[in-house]
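Novice: Below are the chains, spelled out letter by letter.
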Amino acid sequence: MKTEKQITKTPTSKKEITIAIAGNPNAGKTTLFNVLTGLRQKIANYPGVTVERKEGIWKLEGESLQLIDLPGLYSLDVTSLDEQIACDVLTGKVPNLPQPDAVIAVVDATNLERNLYLVTQILEFRIPVVVALTMMDSAEKQSLQIDAKKMSELLQVPVIPVIASQKQGIQELSSAVMKAAKTETLPHIPWLADSEYILEDDEIHLSLSDDAAANKKIFARYNFISEVYQESVKQLNTVERNVSEKIDGFLTHKFFGLIILVGILLLVFQTIFSWASLPMDLLENAFGALGDFVRTTLPEGMLNDLIVDGIIAGVGGVLVFLPQILLLFLFLSILEDTGYMARAAFLLDKLMSRFGLHGKAFLPLLSSFACAIPGIMATRTIENPKDRLATIMIAPFMSCSARLPVYSLMIATFFAGQSFFGFISVGAVLMLAMYAFGVLTAIIAAFIMKRTILKSPPPPFVMELPPYRLPNLRTVFQNMLTRAGLFLKRAGTVILAISIILWAITYFPRTANTEVLMANDANGNPPSVEEIQKANEDFRQSEQIKNSYAGRIGHVIEPVIQPLGFDWKIGVALIASFAAREVLVSTLSIIYNVGKDENEESETLISAIKDAKKEDGTPVWTPLTALTLMVFFVLAMQCMSTVAVVRRETNSWAWTLFMVGYMTILAYIAAFLTYQGGKFLGFG
Amino acid sequence: MNLAKLSIGKEAKVIKINGNSAITRRLMEMGVIPGVSIKVIKTAPFGDPIEVRVRGYSLAMRRNEAETIEVSE
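One line per chain: the protein sequences are A and B, in this order.
All residue numbers for the first sequence refer to the numbering used here, where the first residue is 202 and numbers rise by one.
All residue numbers for the second sequence refer to the numbering used here, where the first residue is 122 and numbers rise by one.
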């Protein structure tokens, strides 16, 4: 090997020290970052892209260091967005982010060669590196004896064994980093000089086609690493199959593997649905109580209505999803950190790739049956941006829990008690058909998008299957809380704005109070004061909706939705249910005069819907109208929270609007075909 | 012969990696370079992808990627 001349870097005058943490995925980078920064961290996106930018403050020797957590990387060769961002950070190209003074390279001791590859690349950026050697306990169990001192001499960088969860080695790491950040000597990169001399020989061919120089460098780096490895690591005795391989024998077994996968997914799915329902009810009641409290405490008037009906009801309606989101991210973190997620992708890749999706898309799509919001947030595990976008674009087709009240109301009103052949309930068949219809549309949409607008060569499925490990609970909970915080902060602002707008268009302009004249009942008794008040209130509310901007919009869009068999009242409900799908039920209740506290099983709402007449006296609703409305709800993007989250996750209004547009158009076409086709066949 | 044809449990030495440069590059960065020994561990339930062991860790790849890797036993 050649030694290079000592080159000194230009002394910097800035005060704040910036340190980047880099490492392979699963090397223990996040745990170390959390230990170093505690809760002093913030997450944002890099400008213009969806790659997460994680920064924290590291208190060290009385100084505050800026710590940047780079995305998990295998290399810096700029073939993925993560690698591009990492290169930009290391070269100081990211605005408002100084070039790091030193890099902590997190290296998994059980997987040294591939982990050291990234280290050689970082050194090529001429930035001082300190290697933090993690997973030393696992290495010991595998009878690997690692001589950190020898390795440090060969690499010419400090190599510090750390056990982050027990804070071992943190002190040594800190002083080494401080020293490295202030050093003025540039790192040695002897292997690059060697790469110039590598030639093809007969036994070992390098792929010298188009990227000859780059491939030579890869070869030279690994050659250097092999030398370091052989001199500093000893395999004491050959171990047979370790625990990880034994577990893997079951979990990726040709037959049991799939059964276990289905079992785990059912458990996750079931838990998100059932465990979350109690805290969700509590939250819903809490917001109801808060609304009542504010309603009675504040003086009556517009402000009162705005806060109660607009802000508390609107934002509260979205915040009730928080328990589902927390639980889903708890499971995602555990599945990811134990190493199972990679196995799930391994098991399902073949199946998913037939539809043009990546194996990793499976879990986000499954989660979307509970709610598309956590599902879309879960697509972050898919690295390829186009694959991730395709998954986001189809996730809302999975029938979420908010569609259930709509399906239930329609089925209870028009199909209750009916059956095929006397024992198969029509309602159950319809319900299942709606779910299946959503899935089928999603598959077709993914298939088409991956061949047109999201066309990309099939992404290489070259994926590490990391060893099974117990997850670090602190990392899991911190991850869960961070996600929840992001959901509350970013989606909350957009949701607040839309809630206020929706409230305003049903509230303005105000309709003057009118009195209703009520006849005596069948026995000749006059109506009670309460009955008169209730009738007045119901009448006022329905007049208010009819004359409000929302009501007027309902009338305006009536010609558009008439071919679907919908009148302006359903139009208003469609507009209002953009806040959340289940709002359809409460809006229909208001419009049909039955008071706000109805739910989907309420008898009066069902009879009110059945009794509603058009101006010519024919009923507004037929079983066909109900079916059409259900079909519309399967496909339409009727959920402002999802829109807000898609905007956040794609970082693009264009994709968000495209999604709303194509889903609405599809929903319209499907509803049109259902209604007109049904009429042609003589139904309705 | 190529890696996709290597039977389960067999170990072989990588000779050459053919094919499109992005995938070739990715494989090489993951440590699959000429001269390294590689072992097929298993195939996924639907026959694809496959799991191999290289440089002491497990790597999954699709069959069409494995086909670009030439090995000799």
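Please note: incorrect hints may appear among the correct ones.
[To be verified] Here are the in silico distance ranges between beta carbons for each label pair:
| id | chain 1 | residue 1 | chain 2 | residue 2 | range |
| --- | --- | --- | --- | --- | --- |
| 1 | A | A617 | B | G130 | 30 to 38 Å |
| 2 | A | E262 | B | G130 | 32 to 40 Å |
| 3 | B | V157 | A | K351 | 34 to 42 Å |
| 4 | A | L552 | B | N139 | 22 to 30 Å |
| 5 | B | G140 | A | R581 | 46 to 54 Å |
| 6 | A | H454 | B | K131 | 45 to 53 Å |
| 7 | A | I645 | B | N139 | 19 to 27 Å |
| 8 | B | G156 | A | L437 | 18 to 26 Å |
[As the list claims (entries may be wrong)] Taking lysine to any residue and the SDA-like style, the derived pairs with C-alpha atoms no more than 25 Å apart in a straight line are:
| id | chain 1 | residue 1 | chain 2 | residue 2 |
| --- | --- | --- | --- | --- |
| 9 | A | K455 | B | A125 |
| 10 | B | K137 | A | E428 |
| 11 | A | K551 | B | S128 |
| 12 | A | K587 | B | G177 |
| 13 | B | K160 | A | R327 |
| 14 | A | K455 | B | A143 |
| 15 | A | K747 | A | V509 |
| 16 | B | K134 | A | L437 |
| 17 | A | K587 | B | K160 |
| 18 | A | K880 | A | K551 |
| 19 | A | K651 | A | V279 |
| 20 | B | K137 | A | V279 |
| 21 | A | K455 | B | E132 |
| 22 | A | K243 | A | Y636 |
| 23 | A | K747 | A | A736 |
[Stated by the list, open to error] Non-contacting residues of chain A with respect to chain B, defined by C-beta distances greater than 12 Å in every case (computed):
| id | residue |
| --- | --- |
| 24 | P299 |
| 25 | Y423 |
| 26 | A868 |
Derived by calculation from the structure, the hints in this document are not laboratory data.
A virtual CB, placed ideally from N, CA and C, is assigned to each residue, including glycine.
Novice: Decide, hint by hint, whether the structure agrees.
Specialist: Here's how the hints hold up against the structure:
| no. | hint | verdict |
| --- | --- | --- |
| 1 | A:A617 x B:G130: 30 to 38 Å | violated, 60 Å |
| 2 | A:E262 x B:G130: 32 to 40 Å | violated, 53 Å |
| 3 | B:V157 x A:K351: 34 to 42 Å | violated, 22 Å |
| 4 | A:L552 x B:N139: 22 to 30 Å | holds, 28 Å |
| 5 | B:G140 x A:R581: 46 to 54 Å | violated, 29 Å |
| 6 | A:H454 x B:K131: 45 to 53 Å | violated, 20 Å |
| 7 | A:I645 x B:N139: 19 to 27 Å | violated, 35 Å |
| 8 | B:G156 x A:L437: 18 to 26 Å | holds, 25 Å |
| 9 | A:K455 x B:A125 | holds, 18 Å |
| 10 | B:K137 x A:E428 | holds, 21 Å |
| 11 | A:K551 x B:S128 | holds, 20 Å |
| 12 | A:K587 x B:G177 | violated, 32 Å |
| 13 | B:K160 x A:R327 | violated, 36 Å |
| 14 | A:K455 x B:A143 | violated, 30 Å |
| 15 | A:K747 x A:V509 | holds, 21 Å |
| 16 | B:K134 x A:L437 | holds, 24 Å |
| 17 | A:K587 x B:K160 | violated, 32 Å |
| 18 | A:K880 x A:K551 | violated, 42 Å |
| 19 | A:K651 x A:V279 | holds, 23 Å |
| 20 | B:K137 x A:V279 | holds, 23 Å |
| 21 | A:K455 x B:E132 | holds, 21 Å |
| 22 | A:K243 x A:Y636 | violated, 39 Å |
| 23 | A:K747 x A:A736 | holds, 16 Å |
| 24 | P299 | holds, 28 Å |
| 25 | Y423 | violated, 5 Å |
| 26 | A868 | holds, 33 Å |
The structure shown violates the earlier hints numbered 1, 2, 3, 5, 6, 7, 12, 13, 14, 17, 18, 22 and 25.
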